[in-house]
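Chains E and L are the protein sequences, given in the same order.
For the first sequence, our numbering begins at 1 and goes up steadily by one.
For the second sequence, our numbering begins at 1 and goes up steadily by one.
Any given hint could be a false lead.
Under the rule of at most 25 angstroms between Cα atoms (straight-line distance), these lysine to aspartate or glutamate pairs were calculated in the DMTMM-like manner [stated by the list, open to error]:
{"#": "1", "chain 1": "L", "residue 1": "Lys319", "chain 2": "L", "residue 2": "Asp365"}
{"#": "2", "chain 1": "L", "residue 1": "Lys412", "chain 2": "L", "residue 2": "Asp323"}
{"#": "3", "chain 1": "E", "residue 1": "Lys269", "chain 2": "L", "residue 2": "Asp102"}
{"#": "4", "chain 1": "L", "residue 1": "Lys189", "chain 2": "E", "residue 2": "Glu2"}
From the structure, some residues in chain E lie toward chain L, with a derived Cβ separation under 10 angstroms [as the list claims (entries may be wrong)]:
{"#": "5", "residue": "Pro122"}
{"#": "6", "residue": "Ala124"}
{"#": "7", "residue": "Ala129"}
{"#": "8", "residue": "Tyr142"}
{"#": "9", "residue": "Ile150"}
{"#": "10", "residue": "Gln177"}
{"#": "11", "residue": "Gln224"}
{"#": "12", "residue": "Ser255"}
{"#": "13", "residue": "Thr273"}
{"#": "14", "residue": "Ala277"}
{"#": "15", "residue": "Pro284"}
{"#": "16", "residue": "Ala285"}
These are calculated hints, taken from the structure and not from any lab test.
Quick caveat: nothing in here was measured; it's all calculated off a predicted structure.
Where a beta carbon is used, it is the ideal one built from N, C-alpha and C, also for glycine.
Each chain is listed here by its residues.
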Amino acid sequence: MEFGPHLLLASLEGAVAAAVLALTALGLSLVFGVMRVVNVAHGEFFMLGAVLAWWFANLVVGNPALGFIIALVGAPLVVGVMALIADRLVLRRLHYDPEATIVATIGMLYILQQLALTFYGPDARPVVAPINFRVNFPWFGYSGYKFIVIAAAVVLMLGVWLLLARTKIGLIMRATQYDREMAQAFGIPVQRVYAGVFALGAMLAAVAAVLIVPIQQAHYLMGQDPLLLSFIVVIIGGLGSLRGTVVAAIFIGMSDGIISVFFSPTLAKILATLLVAMVLVYRPAGLFGARTA
Amino acid sequence: MVEKKRTTAPVTGVGRRKVITGLAAVGGAAVGSRLLPGYVPYIQAQSSEPIRVGFQVHRTGIGAAYGRWYDRTTIAAAQAINDAGGINGRPLEIVAEDDGTDPKRGAEVVEKFATQHGCDIAFGTLFSHVVIGSAPRAGELKIPYFVVSEGHHVASGGLNRYTLQPGITDVKSQVIAMAPWVASNLGKKVTMIFPDFAFGYDHRDNFAEAIKAQGGEVIETVAVPPTESAFFKYFPKIPKETEVLYHVMVGPAVLTFVKEMGEFYGANRPELFGFIDSLEAVDLNSPGLEFLDGSYFWEGHPRYAGDNPSAFELNYREKVGVDLNGASRNDPKDVATYSHMFGCWETLHIVKAGMEAAGYQGPADRAKLVEAVEAMTDMPESEAHPQGAKVFNGKTHQAFGHQNITKVGDGKLSVVHRTSIEDGLYPDEVDYTTQAL
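Bound-form chain E, shown alone (with noise of 0.2 angstroms):
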């Protein structure tokens, strides 16, 4: 294949990792901005939005597009009530420790994985895209599908903006990262926003999981890879800033993609894992954290 076709497929590839991972890392960088709890099951949440999206899609027979967007709208539902009881029944419980809660997520990261092998199975299991088209370019075709994952992802993180930036629930997420005593002494219910925020993290991750459970199937490993990623793109980003996030997942999931295709994937993941070892060493608090953090 000659370059210029080649290019354009590296980039549609590394455009729909990129869309993923930003969604997918927000949610972790969410949960340690405002809480400081460094979720290890983060990629957990992100298989389960898979595994419940099959399930929902499944409910609905005859109109895939249907039973796809019942599974948009359910399986972050599910996911997010899952976490808001794991927040109660184990990080409440820890106080938000740093380091209790980083063990107590492993924990949590096996028993979702092995609930769901145990319940699921051990199969890949597909879920039908709910527009089927594939786009022609004169070199290869493309999964027209995977268009609408990239307008998607967009979307989402545009209404995550503004939610954080526009709304009172925003503010007052935002009062409680920055300051959680003080943010308290004026009121606002800090373990509630803290449940409410370990909620969106763990939906934002599911969601995510949905839109790319056409492309790839649902399989109770696949929590692994995204959750790697994720980290990887909050380090460099800086842990908590959210606008590094987007635009270290933008950088790491392009990059990925072209990488990949012009040489080797495993070259791509060596340079993204230097990267962060970079940034750690000359930039800890990441590319776009607080100095001061």
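Guided by the hints, dock chain L onto chain E, whose structure is given.
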């Protein structure tokens, strides 16, 4: 610093020693209580003690879909053998352990079979990296290790005298048998896509050689990491002049692989020749697979029974609970790993035949069992061998059999060519019988 170490070390040392003593006491008690009740009847009535088969199964990890069907087939085979009177009148007992499709865990599982569970043999591993990781330990422990893996690692001489593969053919034999058909019916310029580990390399190395012998060539090879979940980026590496695209993928993302290949090519695709591994446990009528219509697959054991299944075939399907379309009788969407799992059925029947020939009594006769299996040659098609007749080579510890090439059409796979056993023979690369037992 040094002083600090000196003062703290004895304290922790005592603690550790205490813990170890406690553990040993508990462990000893556990072993004692487990052995004692079994020990007495073992002396009194040796012949009624069950034969314990350690079943190394991929319950979790990337091999889990295969593992579930290997499990069902193994249970069904043990049931069938027990219903027919067991082995030398002794019942067969399956002791299953999950290896997580992980080579390190695999070696531990083999060790557990030999030392903790008191198993007579170890059996049932599929993924080649797990086999390669586990076989050396089986050799050291001198426990016969019957793998159902397809890899060329047994016959290549890379393993040891205690590792045998009598129930399924190896990749080298499969590709040698089919290369002539591919070259004369599909094309001579081949691009290969395969998983980036031992199993994939078996395909790459042996098929490249086999197609060369037919006047063809492999013009490009694309290795994909086995845990990959997105494949689109690999397709630009396929040269335009490719006549045949040879694909063999494993793991949970196989369906994505085939779907994305369809999106990439649309109607203008090269001929496709795939190993059914790319679609094992996947419903052929899944959305996105229409693109495979008219393409060809290798199948070890045809998933769709066709118009004229043998009585042995029907009996086997009935016993393992698979319908005529290769799916579970209880759930038509639960598709079997049909081209591989017959190996579990046949291997257990070979173990039975081997133990009966050796007059097997217990672990002391393990070497006799290996020798008895090595002495086997012809295995005619029968209830024990529903996939078809096989010839076993005692020197290379590898079975040879028929291969099937099937074509996709009307949402089914139909056999278009079945190779002879001779098509898949190749010169011996090892003589395990010269190794000490």
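List in ascending order the numbers of the hints, as given earlier, that are violated by the structure. Numbers 1, 9, 10, 12, 13, 14, 15 and 16, in rising order.
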